Structures are given as structure tokens and as C-alpha cells.
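Undergrad: Below, each chain spelled out in residue letters.
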Amino acid sequence: MRIGVDIGGTFTDFVLLDERSEEIATFKVLSTPDNPARAVLEGLARVSDATAAIVHGSTVATNALLERKGARTAFVTTRGFRDLLTIARQTRTDIYDFFCDRPEPLVPPGRCFEVTERVTREGVALASPDASELAELTAALSEARAESVALCLLFSFLRPEHEATVVRALRDAGFLVSASAEILPEFREYERASTTAVNAYVAPILNRYLGHLEDALEGRDFRIMQSNGGSIRSDEARTQAVRTILSGPAGGVVGAVHVGQAAGFDRVVGFDMGGTSTDVSLSLGEPQVTTESEIGGLPIRIPVIDIHTVGSGGGSIATVDAGGALRVGPESAGSDPGPVCYGRGGDRPTVTDANIVLGRLAPERFLGGEMALDVARATEALEELGRQADLTPAGSLTLAQTAALGVVQVVNAHMERAVRVISVERGHDPTDFVFLSFGGAGGLHACDLARGLGMDRVLAPYGASTLSAFGMLVADVVKDYVRTVMLPGDTAADVLTEIFAPLVERGAAETVAEGVPESRVTVHRELDMRYRGQSYELTVPFEDDYAAAFHRAHGERYGHGDADTAVEIVNLRVRAVGSTPTPTLRADEIEGDDPSMARQERRQVVLAGGTVEADFYDGEALRPGARIVGPAVIMQRDTTILLGDEDRAAVDARRNVLIEVNAT
Amino acid sequence: MSHDAVRLEVFKHLFASVADEMGVVLRRTAYSPNIKERRDFSCALFDASGRMVAQAAHIPVHLGAMPLSLRACIEALEFAPGDVAILNDPYRGGTHLPDITLVTPIHLDDGTPIGFAANRAHHADVGGMSPGSMPLSRELYQEGVIIPPLKLVEAGETNEALWAMLLANVRTPDERAGDLRAQLAANHKGAERLRALIARYGAEEATEYMDALLAYSERMTRRLIETLPDGRYEYADFLDNDGVTSDPVEIRVAVTVDGDEATVDFTGSSAQCAGNVNAVYAITLSATYYVFRALIGLDIPSNAGCHAPIRVIAPEGSVVNARRPAAVAGGNVETSQRITDVLLGALAQACPGRVPAASQGTMNNVTIGGWNPKRDEPYAYYETIAGGMGARPGKDGADAIHNHMTNTMNTPVEALEYAYPFRVREYSVRRGSGGDGAFRGGDGVNREVELLSDAQVTILAERRKFPPYGLAGGEPGKTGHNVVIRDGEESEAPGKVTLHLGAGDVVRIETPGGGGHGASGDRDRDHSSTARS
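These protein sequences, in sequence, are chains X and B. The opening residue of the first sequence carries number 1 in our numbering; numbering runs sequentially from there. The opening residue of the second sequence carries number 1 in our numbering; numbering runs sequentially from there.
For the record, the hints were derived by calculation from the structure and aren't laboratory data. Note that the structure is predicted; figures quoted are calculated from it, not measured. Backbone N, C-alpha and C fix where the C-beta goes; we use that ideal spot for every residue, glycine too. Don't take every hint at face value.
What the hints assert, rightly or not - What the simulated footprint calls covered on chain B by chain X, stretch by stretch (three residues with Cβ under 8 Å from a Cβ of chain X suffice, anywhere in the stretch; the number is not a length): (1) 218–232; (2) 388–399; (3) 402–409.
To be verified - So the derived label-pair ranges between C-beta atoms look like this: (4) B:Gly268 <-> X:Ala322: 32 to 38 Å; (5) B:Trp371 <-> X:Lys69: 51 to 57 Å; (6) B:Gly297 <-> X:Arg426: 48 to 54 Å; (7) X:Glu518 <-> B:Trp371: 50 to 56 Å; (8) X:Gly9 <-> B:Gly504: 56 to 62 Å; (9) B:Lys374 <-> X:Phe99: 42 to 48 Å; (10) X:Ala173 <-> B:Asp299: 48 to 54 Å; (11) B:Glu75 <-> X:Glu613: 56 to 62 Å; (12) X:Gly334 <-> B:Glu490: 55 to 61 Å; (13) X:Ala173 <-> B:Glu490: 33 to 39 Å.
I would like the entire structure built from these sequences, with the hints used as guidance.
TA: Printed below as a string of C-alpha cells:
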């Protein structure tokens, strides 16, 4: 048996897979933010199989970073460059705001130190670290009461010996050190230093947390989800804390990709709309990975699943600005006080209130009936918004309904832009993809969004709210390695093969050490290349005629490739994958297409074209094979799906809802 | 308010995403690091009468300049479907020669004109007397190839003669060709997206909301101006010199606020000068629009509506509205900063709580050219160096950051050393260079580069003589310094200079700090924003 565990703000989700019976079971435990491990252990205690392997997505490192509650960290670098983290790339974050500040560096200037040493671009040492200076450094670090040290020397990826010397001295003195050549042996000193500093900042926190869990789990197979969509062993994660930073959202994307593939779709746009924000991702059979992500404004250059986040969701607040435009977000009502309809003191209308006023949510069944919603209050708030916006009731609609439709249109405009960023801006046409909606707030918006983007299919997976925990459970073991080489583009392939060899060996060995049988390990070799003079690299698979592959890729991505222009090989990348056996999810028998056994009632729902009568269905009671033609509403445990006029939904053998979107 | 508040917001996103996607195409397809990485470009969408509807600007200095480019094209050319115009002439729609603008008219299938897509990008070299085309020049003709508004593409056919002529006049023709193709692709995308938008919403509604969005931005700008007390606010400051003589160059402004309108009058500024710090009118407009835009403090579309309530008077033949053939290479990068400084100095009297003290007021432009022995080929490298931000009312200024009219990224030290025969010896915060005050000006930067082979170094920098001012009793920031170190001997170099240096010589640039805000006696450590532990 395998168990996926994902910690959310409210619940900690557990997904159990019994490989023999192909049965999946899920349950939730209330999260314990003061000590997240408590909820994890509490949930695990409820599972009868006390030997099952566990894959866990931890938000401990993420929260420590976002809330700036990490370790007291010091930074050590080459003489002349102690302000590396402060200067960053010398840009400001908002060009039209005099009062905007860059994110504070994780290490204040007073805890930044220098070592007299220098390595050239050829890897030649001009000056090497000196023992007496290192003794002074350790004394200074003690005096600064540093709990964790980030070390990043210039060109350390060419000559890691200098960092190794410093690391030895500091570790001997009892310091916890993150060294850049170990974390990210890749050129561009600021990004490498930033990645290393993040690692140093969160490592002690993650260490404590995982140490606590490891003790409690007494040697069980315990793995941690990484931001790259793969898992690693818990003790490995402790030395590479930065790799776990975005593990929660990564789990969701891996789960979505898996469900999409099981339903027959390789190319999916993942749309995870929650209460305060929305994550959008893209998969071409595998989730797209980027090395250019930021968290809390700080760059981390390790490979992570490419997720575009926008600050709008169901709780986003609608306002009318001074120029008379109706805006939605970025302010959110969160869960406390929450939308007006929660009746907890929120008085500004949100997207959820708009959906209530439009009749798209059944107020007495919200969250399975656990919370009764106050429709009258929501209506009042939207009416007030309509007055402020000077709206005229459209046709037979009330002012509140007109305003509510407006709120939905505006938030959809935000979402449409977000989907275009992850697709069009990355060179993909969204109409080639299936729109996979798995966030709690997304089902009401998915069909309209797909329609606006010209996408003809929406897939709403069953059990969407535990998709992230499920993704962890099916994730492969993935280990990424990089090394900057800066070689000419005509370097012989066998020379490169030789340089690759130690990385390949290490990747394979470390994956086997993760407990993966050798037969399930594959090692991929890639090159980061560019035309000489360019500052961006493209990653292409390493093959004999790798240069041709690069020209081709450049042509596809950027519209021109020129075989006559000099090319550089910047980095070698190795990705070792230990594949997890893909579970076949049990498929039920397809039964008749009649949905009537799940029909609950007929209600009035406001769509863009006016008020219509729509059937409301209990999604849990729908059987595989059932077909529903919109307008209709399907209420699932995790989300509510709105079908517009002539949108056609079918429940598949795994109880996912697949919708053919009416294009007109 | 006859327009629908919802549609207004929806169209705001729609038009903005057209400009954004043009920018993505340009960045992705461009060839040179300057466009791809430093993002020195802007894209804009215009209505059929040539009014700017939306702009995706990474560089504020392009703000006011794009509309003038479009006007110059409309005046000079008869557009037909399939045409694309090109220009860089600072006296006909351009700003300085490296910034090349392409304008594409957009038509419906039946030939109805519905708008224009335009983009401007900084090219790494456009010929002229020195590599990088940012020379210490005395007339425009030395700065590179001058392109008046011309059709680069006519009815879908590229003008091969013009194309060949352009590329024959630049040092890196392949890179230029790649960048120009990227600019064509960006406009093509803009046209395609606007046509798709019209297919979805109809020409009538799209046009109606173009108008509505202009009116919206105008309303917001007027509301801001209304919050300023009526009156006349004056300020003057100086450029150190023009790089030819040692005379200071004065920039003088009087901002008159009258209800919801403002007049910005630069009468009294110095006459255009012999060196290259002359600004054309477009730059003066850009700096003005930038300052008002930043004061609004709200995310509103950058369009012609923002400009309507602001009248800008800049006497022809002055340093803020130069006449042909004055040299202008530095007007774009240096004078634009001083124009911003004087505007803020004036507006600080109107709304002291919203205006920061002077920031470093220069971009510290450094161009290094020479022979790369490792690659056996010539090279040209251009960078701008960050400095101190002026202290803000209630907040310290940020250290080591690009201010106001620019926001380009640095080149990583390791990337620099891989590509060029230099060694960076120091890149640090210049502590103590920010002006003291209740809130302290941000510190500048120390940057020390050792040359590993013979090279020609051109520095174009300001605030070496007149420091960035403080406000409300705050001290000025420290002036910058250019230092040459030869055989261990340090010597001070002028602010604007071309040096012929040898292997082992070191150039050290110390950039200015920002001005302080409020009297230093009022400094309360708990209320300063930057921890200086």
C-alpha cells in the first residue's frame, strides 16, 4: 500500500492506494498549523497498514520562507561581492510606484561576509582561501549567532575545491552550511546565491520537522515531494530543502496529468481555482518544467513545475474604482470573514457571492450542507455594487444579478489572461488542449472560460480536492543535476558523453539508493544551449547531432534558427527518473446514459444570456455513462460544475465529468 | 458615465493583453541580449486615428515617445494594408538612434482601418562613431544611421533596398536583421490579436471601448491632479556639463496646477548644447507622463487619456526640445533623469507626502570596446549601473537599484567574464553615499572592472558635480566618481569621457547615493524601512 499526504490550510488530505485491488481511498484530517506533523501522524494512525510507503508534500519550508520565519542565516562569498543578495539584478519590482520595495534579502548586510579567493572563467585559482582568515570567519559567524550559512563563491561550479575548503572549516566549527556548488553548480552568481540562501534559510526548519516525523515513523519508506514533480527520500530532502519549496502545487499538477492521461488526454491545461488564488499549468504528456521560478520575489533556479499563479479566486472582492471600472481582487475575503453569504461579518461582495446571486450554487448544499449560506445578504451587497457601478439592470434581470454577472465576467477576464500566459506566451495554442479544472472554485467558471479560449473540452476529475495528495502518491522519483560547462557548440559528442558520465553515474546510483530497482531507472541527458551572445538558453535532448536539434528547437520556439551562427553549450543537465508503477485506477462499468437518478431539483439560474431553468444533480449519485445537457449544475463534494446552454457532459468510468463545450 | 463598468474592465484586460503578447513575441524572437534579457523595448496599440489605447512598457522613457512616432508616420506616409513603417530619427518621431520603432496599420478584411500596432526596441548598435552607438558626439550624424519614417514593408513586400542600406550601416548586421524580424513579428501578432478581438466583440463595441478607456484613464489622471492644490510650483537643477564644455546645463520647470489640469513649462532651461545630452521633445513628454503616472499610484491603462489633462511647454532649441542636428545620444539616458528630478522637485511642493527625494539621477552608461583575444574578434559591451534611490516620506530609499527612467537588469559577473576580456574586482553597495535624513537616501554602487586587454572605455555619467538633492531638510546624496587605476595609481576621470586603456588597467565607478528626506535629527530607527544591522 502507498499513502499520499498533502497538508492544506484547512485539511490534511490522505489518499491510500492498494496496488493489488487498485482501490483508492481518501480521507481528511483537520490541519494543525502550529505543528503540521501532528495532523500527519494522526491521519497515518488511522491507516491499518503500518508499513505502507508514504509520500508527503510538506509546506513547512514554503511557509517558513513566505512568512520569513526561517533560520538566522549568514552569507559568505568572494571578496568584493558581499552585497550580492542586496544588489540582486539591480531592478525595481514596480516601475510606476515610488514606494515599492524589493523583497528584503534573506540575509541582512550585517550577516554577509567575504573570503579572499578568486577563480577565473577558466577555473584557475588566482587566490585561495587561507586558514587564518577562515578562523576569523568562523569567529565572526559565531558572533553573528548564525544558525545556518549560505556559501556562494564566484565560479565555484568550475572549481568546487574553494567552497569545499570553506565548508570543511565551517562544518568543523559546527555550522550547518549550504554550498552553492552542491545546491546548484550553475553559472549566474546572483541566482545561484539566491537559491543557496533559500536552502540555508529553510533547511533547519525542514530538518526539525522531518526529523520529528522520521523518528515517529521508525524507518518506514518515507518520501518527500519536490517542486519538480518527483519525490525523494526524506533524508535527501533535508540536505536539499530548497527542492521541496513548491511541492504542494506540484502534487496537484502531477495528479491532474495522471488523471488526464487515464481519461485519454495528454495535452491538458491545469486550472486550479481556489479561494484566494488560481494556479494554471500546462502539460504535454508531462508537466512543463522551468528553471526560472521565483518564490516571494526571490529567484530559485532549480527545475520546478511551471505554474502561473494569479491572485484571484472565489474569495476575491469586487469593487468599483475611482474611474468607474468594476474591479475584482486582488484583495480577498479569505475564509475569515469570507464572502458576505457566509454571514461572518464580510460585507464586500466576492466572486462566490456573485455565483450565489446568479443561482449557480445551491445555498443549502454548500460544502455538502455543512454551511448554510445567506442569499439575502449576498444580494444586498451585489445590489450596492451595482449602484456604485451605475449599472442598468439588463433585460429581466435584477440589479444584483446584473452586477453579479459583471463580477463573473471580470474574474473570467483575469483567468483567461492567466491561461494565455501559460499557453500562448509559452508558444502553445490553448485550443489544442483539454481544460482540466480541479480547484474548488473552478467548476463554475470552467465551461465559460474554455468557450472564451476556443477550447472544446473540459475535464473535471472526480475527487478533485485530494488530487494533490494523489499526485504525490503516483509521482516518480526524480533527481535533477546540472553543471555549467560553457563549451563551443561544435564540441564532439563523445567528449560531451565523457563529461556527462560522472553525472549520469551519480544520478543512476542515487536513484537506486532511493530504493528504486535498477530496471525502473532511466537517465535523461540534456543540454542548455544558445547562440553566442544570447542570454537565454534553450534545453534540448542530448543526441549525436545535438546542434541540429538546437537549431530546430530554436526555430520552433522563436521563429528562426540559423545553422551558420556560432552556438554555445552552457549547461549539461541530467534527470534521473525512477518510475513509480502507474496504478491502474479501477474503472466501473459504463451504465445507461440516464442521469435522472441523481436529479435533485430544477432551479432558476442566470447565465450570460438571461435566466433559464436548470436541473441540479447530485454528482455523487451520477453513474458512469450518465449524460447531461446544459443548462445544468452538477454538485460534487469538492466543487460545483456549471454547464451552459448545450454544454454536454458525460460521466466516465472513473466518474470524471467530461464536457463537450458548446462553441457558440 | 455612459459605459458599462463591467465591459470597461473586461476591455481593459483585452487591450492590455494584446500589447503584452506583442511584447512576449518580441522578447522571444529577438536576437540580442539587450531586448531578450534587459527588456529594453515597449509595445503599444493605437486606435484608427492614432491615439494610444494600451502600452506594455518595461522602460518608462518610452512612455510619451510612442505616440509621437505614430504621429510622424501618419504625417509622412499613406498607409495601406500590408504596410509596415520604420523610423529612428529623433527629430521625426524617435528619441535616440538605437531605439528603432516599427508601426503597422491594422485593417479589417474589407480594408477598413481599425488601428495600429507599434513597438520600439533598443538595438545594440546602429553604426556611428563608436561601437554601441552611445558616443560622446557633437552632432546627430556621428551617432549612427538615421531612418526617417519609411515603409520597410509595402503591401506585404519587404523593401529590400532599404533593408540592405540599413544593414550596411551597422556593425552587427545579422543581429540587427534578427531583431528587426522580431519587431515585425510582434506587430504582426498585435494586428492578428486586434482582428480576433473584433471578430469576437464586433468593431463597434471594440471602438466604443477604446474611446471609453481613454476617457477612463483621463478621468483618473484628472482626479489625481485635482488632489494637488492649485498653484505654480517651480524647480531647477543642473546637468554637470554637456561632455564638451564644463558649463553646467540648467533644466528649469514650472508646474501650474489649475483644477484638474496641469501645465508643465520648461521655459528658462538652457539652450541646446554642443555635447550629446540634448533631449528631444518626446523625452521631455516621457519624463512628464512618467511622473504623473507614478503619482496616480493606481494600475490604469497607459493611453492617450493619461496625457490629455497635461500640457507640456518646451521651448524649441532648448536642451529639453533640441533642434536638428544636435547630438542626442545622452538625452535619452541622462537628461531624461534630470527632467524627472526637476518635476519631482516642483511637485514635492504640491504634495510633499507623496514625492521622494532625488534618486541617483544618472544611468552611469559604460561602453567598452576592443579586441577579444580569446575569440579573435572585436567586441562592444554596454552597461548601466544602479545607484541610490531617493528617500521617501516615511521610508528610506532603496540601495543599489535602477531609478525612474530605466529598469534594465545587470549582466551577471560570471556571464560578463565568460563573454568579455574583463575581470570584475568589486560590485558592492557604496555605504554612506545616501543622503542623511529622517529617512535616508539609498546607497549607490561601487563597481570595479579590470581590463584583460587593450580597450576603449566610454563613460557617460552625471551627478559627478551636482549631487542628488534631499527634501524636507534631508541631506543630498553623495556625488558619483569615475576612477582609473593604473599601476596601483588612482586618478579621477571626468564624468563623461572616452579613455584608451591597456591590459591590467582598472576602471572604478562609484555611483551616486539618493537624497535624504526630513531632518536627520528626526530619524527614528524603528520607523526606517531598511534594516541596517
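Undergrad: Against each hint, give a clear statement of whether it holds in the structure.
TA: Status of the hints after comparison with the structure:
As drawn, the segment 218–232 of chain B meets chain X at 3 residues by the rule of a beta-carbon pair under 8 Å; at three or more, the given contact holds. Counting residues of the segment 388–399 of chain B whose beta-carbon sits less than 8 Å from any beta-carbon of chain X gives 5, enough to reach three: the coverage restraint holds. For the segment 402–409 of chain B, the stated coverage by chain X holds: 5 residues have a C-beta nearer than 8 Å to a C-beta of that chain, and at least 3 were required. A beta carbon spacing of about 35 Å between Gly268 of chain B and Ala322 of chain X agrees with the range 32 to 38 Å that was offered as a hint.
Checking the proposed 51 to 57 Å range against Trp371 of chain B and Lys69 of chain X shows it holds: the Cβ atoms sit about 53 Å from each other. One distance hint, 48 to 54 Å for the beta-carbon pair Gly297 of chain B and Arg426 of chain X, is violated here, with the actual separation near 32 Å. Between Glu518 of chain X and Trp371 of chain B the C-beta distance comes to about 53 Å, which sits within the given range of 50 to 56 Å. Here the CB-CB span from Gly9 of chain X to Gly504 of chain B is close to 59 Å, well matched to the stated 56 to 62 Å.
For Lys374 of chain B paired with Phe99 of chain X, a C-beta distance near 46 Å keeps the hint of 42 to 48 Å intact. Checking the proposed 48 to 54 Å range against Ala173 of chain X and Asp299 of chain B shows it holds: the Cβ atoms sit about 50 Å from each other. For the hinted restraint 56 to 62 Å between Glu75 of chain B and Glu613 of chain X, the CB-CB distance of approximately 59 Å keeps it satisfied. At about 58 Å, the CB distance of Gly334 of chain X to Glu490 of chain B agrees with the hint of 55 to 61 Å.
In this structure the supplied range 33 to 39 Å holds for Ala173 of chain X paired with Glu490 of chain B, their Cβ-Cβ distance being about 38 Å.
Against the hints set out earlier in the document, a violation occurs for number 6 only.
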